[in-house]
Amino acid sequence: MDTTLLKSFATSARTELIREVGARITAVLAPGSPERVEQPSAVTALERAIAGAGGGDAGRAQAADKVAYTWFNRIIALRFMDANGYTGIGVVSPAADQVGQPEVLATAKRGQVDVEGVKATTPATGPGLLNGTRQPRAGVDAQAEAYALLLADYCRFWNRSMPFMFEREGDYTELLIPANLLAEDSVLSRSVRVLSEDVCQDVEVIGWLYQFYISERKDEVFAGFKKNKKAGADEIPAATQLFTPHWIVRYLVENSVGRLWMLNHPESRLVDHMDYYIAPVDEETDFLKIAKPEELTVMDPACGSGHMLTYAFDLLYEIYEEEGYTPSQIPGLILSNNLYGTEIDPRAGALAAFALTMKATAKRRLFLRDPVEPNICVLGQISFSADELSYLVTKRDDQKAEEAFWNQFAEADTLGSLIQPNPALTMRLTNRLATLDGEGDIFRADALAWAEQVIRQADILAPRYVVVVANPPYMGGGNMGPVLAEFAKEAFSASKSDLFAMFIERCVSLVRDGGAVGMITMHTWMFIASFEKLRSKLLENTAIRHLAHLGTGAFDSIGGEVVSTVAFVLSVRGDPTASGSYLRLVKERGEAGKSRAAFSAMRDSESYVYRRKQAIFASIPGSPIAYWLSDSFYS
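For the sequence shown, the residue numbers in my numbering are 208 to 842.
Hints were generated in silico from the structure; no laboratory data involved. Some hints could be false.
Simulated restraints on C-beta separations [claimed, not checked]:
(1) ALA258 x GLN606: 32 to 40 Å
(2) ASP577 x LYS214: 30 to 38 Å
(3) LYS499 x THR210: 37 to 45 Å
(4) ALA692 x ARG226: 43 to 51 Å
(5) ALA631 x ASP594: 23 to 31 Å
(6) ASP426 x ALA265: 45 to 53 Å
Heads up, the beta-carbon is just placed ideally off N, CA and C, and yes, glycines get one too.
Please model the entire structure based on the sequences and the hints provided.
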């Protein structure tokens, strides 16, 4: 996919939307504004959001940044749906044979209104604005105001199917719809030109747009690192988001999800769909037994915009179809049973859920009429007061452990899926929660609602998955804020030097024995002394099945010789005496060069592939994963 136009569009859209939303905030909060009279609760919610962000200009700026991205998300989502015919009428796009204004506005000007998608009050106000019998707000174009009403209505309509992407009625973001959306060069108009129907055939475009939208914020964060600023909850998402090249996603998913299915079902023709799959050299017996597709659970604990999961969807669809399931039931089964993701960035989490919903809709056009919400969990901050804890905890000897359990997500926006809930305590307190009720007390009812969310978050982080795949965040210990740095020392002593290494440990702990972990990370864990303890743990508890040593240049979006990476698949509690396959791709340049070399290696392994039993690494002081050394060296 050519991303040049996408990058230019996304970066300029951020600037424009922040400016436009900021102007709307000023207008809405002005004394005597129409919004204060007509929608006082929404205005109050906006004022609270600004106060919660620090108040004053800083609070307004943060609110503008958040709402600007929200509208970027929605405009892009609606354009993607328009382009694929999912909306039925162009909400942000002109009719198929037309140019210019969105189809919903053009039809409204002709007196035609979609009664299913439009709120009952809009047919009364919209035509009046368009025919001059109703005056718009001061300083606002009548057509722009009519379109803003229509756009808000359609966002509410799609809230029924995708609440993670579109707001409910009364959300204060409705007050802040940019006023210039009908302009010829607005974000909305450019979205139609940049996101052509051909581009929108691949949901991968959603992830690219997200990475480009936050690229300027990422530059700001890295500039701060050079001034010795540390990364907190606000900086981590921008600093660590990186869109994974598609061929690497395929390599990881095919050699984890695909591999486990082929080991359990050697007669399967799934192999015909896997260009980057490497068949086992030795006979294997220590794999997790999978009888049916529903058992193939796949988790991405740092899912970003969902790229790993959307390709896993494709592979799982092939498996279900081969097993004789009907096309109408497969998408819902996959989203219900197979795919899970967690995120600390609500914006990325919404995109991941949207991407999976679009995958399902592409396979079943009626999916949005009775959708299954994807299992994407944005890990939220939750903490309880002393009074609330006294209500929630049992009268047992381990009250401190229970209190710690209920407050374990107090820093979830920083620690994310590195948090490791106690499975036994999760089960016991789930049962405890079922015996409590609010007894008509609003404060207890609130505490119960938050406690239920703790249980949901703890449950999704349970060690129960067949496969975990991830491109985890990279961040050296020197850039970590105090919360993350202290947590790393306490919970991840073997991998505390970098966030990616902590995620390697965490991913292994999320997988059932015999399952698989597929990751792309920096390659330093393979060699340097500070990761020796991590290597020892991995060599003792996992078996390296596949490893593609990529070196520098694996990501075209990262310039220079900055990041050296490795993609690998581990078998948890697997047989370490079995041979692993190691691809050496450090000399090839760029995503395309490495992809071609890897593709060739699947067919002619002599130039790239090494076969190694991992026990030989332990024979070298420090246990480096030095797979490329000669047999004579090892002997």
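query: Which of the numbered hints are not met once you compare them with the structure shown?
result: Hints 4 and 6 not satisfied by this model.
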